[in-house]
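Number of protein chains: 2
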Amino acid sequence: MTRILVTNDDGHLSPGIHALADALRPLGDVVIVAPQTEASAVGHALTLRRPLRVEQFGEGVYAVDGTPTDCVNIAIDQILTHKPDLIVSGINKGFNIGDDVTYSGTVAGALEGALLGFQAIAVSQQFTREEWDFTAAASFAAQLAEALLKQPMPGRTFLNVNVPMGKIKGIRSTVQARRNHITKVARRLDPRQRPYFWIEEASDDWDLDEASDHHAVNQGYISVTPLQPDLTDHAAIDLVKALI
Amino acid sequence: MTRILVTNDDGHLSPGIHALADALRPLGDVVIVAPQTEASAVGHALTLRRPLRVEQFGEGVYAVDGTPTDCVNIAIDQILTHKPDLIVSGINKGFNIGDDVTYSGTVAGALEGALLGFQAIAVSQQFTREEWDFTAAASFAAQLAEALLKQPMPGRTFLNVNVPMGKIKGIRSTVQARRNHITKVARRLDPRQRPYFWIEEASDDWDLDEASDHHAVNQGYISVTPLQPDLTDHAAIDLVKALI
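Protein chains in written order, with the working numbering: chain A, 1 to 244; chain B, 1 to 244.
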């Protein structure tokens, strides 16, 4: 029996997670363990300073008052009766591409799975306020999950999937794009004239790289990027030796 | 005039951040922008769903009710009068080594600096409940900062420094160690007999790698690891092509 754990960062009420779980059910036993409320941009956060609660919502659906990383840990150690064969995180409303993957709770759910030694996929879908449709992303996630179960990735490699809106031209194996980050923080005044600050959506100044996830989705292709948790810049080891 | 931004994840009241700022002051103008309260293990989280407040605590010390990533963004866009030449995050109470760097708020502060195009260092110090002393870590951070200002790292490379307790045998340029993660979650009952869960400290099952940060600090060496934000597993690109 194939067992699949599904999590996300938009919360257990998000339609994206149910579209994903429904698409994966033909492959095996699917259990959802997801945050109680939206936990976007929480990165790879782990809740260590307070205890966590788990609430069940019907058959095979659990909500945790924590992050996607918390959900994966609690699922594996406390909720699931057997270890999963695969962890799938998503479907996120909005891309998780390029340098932004390190902020993403969706990607962190899959990263945590990979660190714990499981096959894992993060799935994100382009999103605008007017329009979103998880059909293509859910169907591709199921197809990729089936292939991955037959031919697992080595070591701690996991897959980051991004699906554009509209007609899909094909699928590409990509690298993480580079974005030239520019911070924008908005300053406003409250009714008592005290300032408060909003972190704004970052502006888009992407490096042009035809092999990248950003380029693939912009061209109408589904992007699949193999990611892994080692941040070492091996090329800089000697530069550091010259410094110290 | 050299300008240095100092942040951390233990909060602006932590003695580690003041030891660091004091050691860096001979190099130039130092401003502290740090979380109001402890924000350990928050990873690379960005606060997007609520506004943030900034409070000043004396000359050049600011507290933000958010994460280290929030602090860096608000500092650069709203608090500092000039762009910094260097961002230093720490000194964290406890190592940030191996795969655990992706959970670390301390490392995330430096990662955010690197993504924004600045030179950046994360500094962590071994810590036990009985004993901690930031002297060696602060003094090494200042020495490394001075060297880095003269000879900056290329691209988005930043430095992750870990300092062991006791007598320092030397300094090593290292790679990120691999840890075989095993989840432990403790289940307890509240006075109303309802369960709640604590995520426990992960157990230590490190891969033996003599080039790693974990090995260096265990041998009594200061570890300096060059990190960068690209998670792509380039070796797996062709494996993904075979799947899709």
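If you're looking for bench data, these hints aren't it; they were derived computationally from the structure.
Computed from a predicted model, the values in this text were never measured in an experiment.
Hints should not be assumed to be uniformly reliable.
No distinction is drawn between identical chains; accordingly, a pair holds when it is met within one copy or between any pair of copies.
Taking lysine-lysine and the BS3-like style, the derived pairs with C-alpha atoms no more than 25 Å apart in a straight line are [to be verified]:
id	residue 1	residue 2
1	184	169
2	83	241
3	150	167
4	83	150
5	184	167
6	167	241
7	184	241
8	184	83
9	83	169
10	150	184
11	83	167
12	169	241
(message) Let me make sure I understand: some of the numbered hints might not hold for this structure. Which ones are they, in numerical order?
(response) 1, 2, 3, 5, 7, 9, 10 and 11
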